[in-house]
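Chemist: Take a look at the letters that make up each chain.
Protein chains: 2
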Amino acid sequence: MADYRAPLKDMQFAIRELAGLDRLRALPGLEDATDDLAEAILEQASALATGVIAPTNAVGDEQGTRVENGEVVVPAAFADAYRQYVDGGWAGVTAPPEHGGQGLPFLLGVAVEEMWCAANLAWSLCPLLTEGAVRAIEAHASPELKDRYLPKMVAGEWTGTMNLTEPQAGSDLAAIRTTAEPEGDHYRISGQKIYITWGDHGMTPNVIHLVLARLPGAPEGVRGISLFLVPKFLLDADGSPGERNGVRPVSVEHKLGIHGSPTCVMAFERAVGWLVGQPNAGLAAMFTMMNHARLGVGLEGVAIAERAYQQARAYARDRVQGTVPGHPGRAAIIKHADVRRMLFTMKAYIEAMRANAYVTAAGLDLAQRHPDAAERARHQARVDLMTPVVKGWSTEMGQVLTSLGVQVHGGMGYVEETGAAQHFRDARITTIYEGTTGIQANDLVGRKILRDRGAALAALVTDLRATEAELAPHAELATIRTAHADGCAAVEAAARWLAAHAGDSPATPGAASYHMLMLLGIVTGGWQLARSAVVAVRRLAEGATDADFYRAKILTAAFYAEQVIPQATAHLRALEAGADTLSALPDEQF
Amino acid sequence: MADYRAPLKDMQFAIRELAGLDRLRALPGLEDATDDLAEAILEQASALATGVIAPTNAVGDEQGTRVENGEVVVPAAFADAYRQYVDGGWAGVTAPPEHGGQGLPFLLGVAVEEMWCAANLAWSLCPLLTEGAVRAIEAHASPELKDRYLPKMVAGEWTGTMNLTEPQAGSDLAAIRTTAEPEGDHYRISGQKIYITWGDHGMTPNVIHLVLARLPGAPEGVRGISLFLVPKFLLDADGSPGERNGVRPVSVEHKLGIHGSPTCVMAFERAVGWLVGQPNAGLAAMFTMMNHARLGVGLEGVAIAERAYQQARAYARDRVQGTVPGHPGRAAIIKHADVRRMLFTMKAYIEAMRANAYVTAAGLDLAQRHPDAAERARHQARVDLMTPVVKGWSTEMGQVLTSLGVQVHGGMGYVEETGAAQHFRDARITTIYEGTTGIQANDLVGRKILRDRGAALAALVTDLRATEAELAPHAELATIRTAHADGCAAVEAAARWLAAHAGDSPATPGAASYHMLMLLGIVTGGWQLARSAVVAVRRLAEGATDADFYRAKILTAAFYAEQVIPQATAHLRALEAGADTLSALPDEQF
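Note that the protein sequences, when read in sequence, are chains D and B. Just so you know, this note's numbering puts the end of the first sequence at 593, numbered straight through with nothing missing. Just so you know, this note's numbering puts the end of the second sequence at 593, numbered straight through with nothing missing.
Keep in mind that the hints were calculated from the coordinates and are not lab data. Among the clues, some could well be false.
Which copy is meant is left open, because identical chains are indistinguishable; a pair holds if it fits in one copy or across any two.
Stated by the list, open to error - List of simulated lysine to aspartate or glutamate pairs, EDC-like, C-alpha gap at most 20 angstroms:
#1 12 / 591
#2 12 / 590
#3 12 / 147
If we strip away everything but chain D, and leave its shape as in the complex, we get:
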């Protein structure tokens, strides 16, 4: 059902006109990232996603995963899809050329990743985790470790995992108990980890685990955690997988969705591992993985919503039911105003969320490659600010939109064979893993807004207001401008409120945080659509051939302005209520 030709045009628009691939071409190492290259890559990825990966989605959901003879068995169709993905060279798209990667911009990486996620979310987690592990190893590991592991991982020949959570610890990494005993040049890792995504499988000859553990005598809390590389199979002298290491999958979870993705309980029993980075600095190293992964999970919200939208739209065009005022005879349900409202809501949010994610990814390219240090810092601050927003808002909305996808189908949506329900089930994990929405919101308010006294947020507001000025000359964009100005004012008011009231009580930042995250998501998403409308007006004035597409861009921004932006003020009001009422209710009255 997934057909990634449909959104290609919007993806290309976001890459070219909003995220600005041309800006990236000016960066060292990205000179070859032309529009033509981008188009070719997207076309090829779309063919693989549509023709090879998407057909494994429903079957993977049905078959699920299991542990057999000490190894995890995943749906059979997954291995072939993975093989084609590796053979096509997709694993190393954004990885550095010195380790065998193609060194393409993150901006193109996220566009390609969106297609894998939409095609099969459960499957796509395997490449996503591997990419994160590559990034952590590249940033923190010794040259020897890099040489031994990175080329295979960059190529996708071996996959990677991220072993954080323990049963007693949940999101609370301070409570980690897994131990690492020094032994010669390596360590012996012992402990149990839970919720390890793609913690084991037989699709590749090795699986490389990154594991948080404590050295003997390490300080309590998060400052006593170190990061270790623990391969499933120890490498022979020639670098090929040999003896099995002391790590094995104990069981897989029976989950609401992403059935094809093995979520493992992993047992480490004196497993041999190597330190990655400095002792007791594991958390920082892990955050290298997590920040990347958070942007990736935000993208999953976009992708799964897009998949649900494609299916709901196809159904709404086909399904004839009832009559519609103003239409002769019985009508396809896309003609029913409320069904149309649902579909347009999906379309508008998806385009807003996609643009937000792509623009943030381009910011990552600029933050890493810009020759000017001040520019790098400026872009990094924006990426840091927007990462929890992209993660939290896109995944929260991903759930709302996949639920609308079910609703468009009516009773058929509740029947599993239709497939709409799978997207709804799969999407439900995205606000939980890689840090719940609450954790994203705390990160946003605590680390990204209060810590720099609102500097990064103020810079964002300046950019938001600049777009308001760009809208001003265009009378046909008045609705969009008014709504965007309301959104800007809400962000400014929220920023002022936080600056003035964050210290009111210990609970205040936490109480305000969810609303701040949603407010920023709504307004920045609307900002990207407003920018789209300005571009569209310009292209139409230039006599663009695809006038219908550009007119639709303006209508989509208007729809979002009318239907979505008003919620920004609702979040502002809730935020301004502070924590008093929340804190006043005694625990026992819940």
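Model the placement of chain B on the given structure of chain D, informed by the hints.
Modeler: Just chain B now, with coordinates in the frame of chain D:
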């Protein structure tokens, strides 16, 4: 996990202080409905729900249903729970005494029903459908049919179903093709029906189907549909089930949730049936069932949210994770501000939704039993207005709240064994069956607001404003009053807008309808909480013993005022945008 002692206090509060059981006691036939009786009934129902029905919920979800030897097999534990329900006399709680019912007010009926739904939604659909069938037969069938079928159905000895939908028709009853051929005193029914809830099972010796079909030469469309009673087993001369009739379950659907409830494809092959009501007047008769069922499904939204809340609250009190500013040591997650926000959101919505449903049920009692015809009409108009709001809003929010229930659990919520995910899956049907939210919204705007030129809505606004006046003398309720006044203003503005603009285009009422429904849900829910706060202030001034409960009532109204009511204005803005943008996007640009 479900423990229906917890919400008993809130249920009794809603019955006594908001819905006004004392008003009902003044009605003929309800003189015995004392507070003590209500309390006793709720206690007994709570024991059955908690001790007998709730334990069948997870196992029913796992086992599901299947067709075997021409009969549907449901989870084994269901039959015993059903037997205890029948033996306890619960089936006929609100049914008329002349057919063996207890003739209690609907108000108590919904409170009891809420417990069955929360205990096991899949199971509870069997009694719910039976009750609806009883109501339709009572209102429309001949005395002979009533005598033969009602006593057994009222007692719960036989169950009832509602056969509307056909594969080609969906919600579009005009397209129904099932036929009814006259033959002596009866008819021969032939056709296929889908999505028939509890269409077959072996828990009782008979199943009584109400079936929509067409007589020979009947007019096209909904004016050519008649209603028939078709028993699974034809009755012998002594009234006991004898020969198998020509109706059988073909298959059951594989659904996202409510796995324990068989959703059947039913085949009618020259099945013997009897006409219920007048020829070609089947739709009106079916609406007798549907309106009752819609209120019941609205209640399901409350019930499943309550169940999810109980579970999330228990988890949040137990689960210790991380540290919280202002709390020493590691803290239970209920202390985390954002978790607390989610729990308080659940609590506030549930109490608002419950009160809305109960007040509407009391209105039904007044509409049916008030000695004064004008009063009956006045109450009926309110019930008619509020039924789609209770159905649509409570089920939409039921999904949001069960999703919050998952979120509070973090990763554990995504693991099926925890049980939080089942509520989320089960809840997803409630915005679809008995008319989707879009259908409720169209009913609200088209039949309930525009048709009487806003008269019923204006009467509601008068009542809303009266509560604002009651809030005014209490300085400590200022936040609640301000928010409630904002909500009232939003409803008034929406009413004015609809009156002025509904004719703007054929799509306008449909485009506005969802937002009108949500707006009315939010504001009427807040109205009930505002009324609660006024009562609580009075009780506190009187020196009520349970001061903590009443103080919590005021805080809950304040939380809702701060966090929820602001969304009313967002819905108003979206509504006022009309249908222009929605209609302007060409189908092919979706």
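Chemist: All hints are to be evaluated individually against the structure, with a verdict given for each.
Modeler: Status of each hint after checking the structure:
1. 12 / 591: between (54 angstroms within a copy, 14 angstroms between copies)
2. 12 / 590: Intra 52 angstroms, inter 17 angstroms, cutoff 20 angstroms: inter-copy only.
3. 12 / 147: neither (43 angstroms within a copy, 67 angstroms between copies)
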